[in-house]
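Per the numbering used here, the sequence shown starts with residue 1, numbered consecutively.
Bear in mind the hints are in silico, worked out from the structure with no lab data behind them. Fair warning: there could be bad hints in the mix.
[Unchecked claim] Taking lysine to aspartate or glutamate and the EDC-like style, the derived pairs with C-alpha atoms no more than 20 Å apart in a straight line are:
1) K37 x E66
2) K41 x E66
3) K37 x E65
4) K41 x E6
5) K31 x E6
6) K41 x D28
7) K31 x E66
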Amino acid sequence: MEELNELLPLLIPIILIQLGLMIFALLDLFKPERRVKGGNKFIWALVIILISTFGPLIYLLVGREEA
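Make a model of the complete structure from these sequences and hints.
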């Protein structure tokens with residue numbers, strides 16, 4: 001239990017960054033005007049949600065198409 005108390009201050013910022021990235025990427029994905037590579041927003045939503053921290057980064061760096 002004491003180990004958890006020591007790790008918690010380190011984990012909270014990491015968890016908040018991960019959640020923030022995921023929320024930002026999902027909100028961007030579901031904008032009506034947003035176009036994505038492959039044309040399938042559902043697949044990109046799965047990538048964002050299931051691939052932890054790297055999913056949102058992959059989407060933001062590779063998955064978006066400029067209109």
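Going down the list of hints, with the structure as the test:
Restraint check: the Cα-Cα separation between K37 and E66 comes to about 10 Å, which is no more than 20 Å; the hinted pair holds. As the CA atoms of K41 and E66 are separated by approximately 15 Å, the hinted pair is consistent with the 20 Å bound. The suggested pairing of K37 with E65 holds, with an alpha-carbon distance near 6 Å, which does not exceed 20 Å. Of the pairs offered as hints, the one joining K41 and E6 is violated, with about 40 Å between alpha carbons and a cut-off of 20 Å exceeded.
Annotation: proposed proximity of K31 to E6 is violated, straight-line Cα distance about 40 Å (limit 20 Å). Simply put, K41 and D28 have alpha-carbon atoms about 11 Å apart, close enough for the 20 Å limit, and the pair holds. Proposed proximity of K31 and E66 is supported: the alpha carbons are some 13 Å apart, at most 20 Å.
In this structure, the earlier hints numbered 4 and 5 are contradicted, and the remaining ones agree with it.
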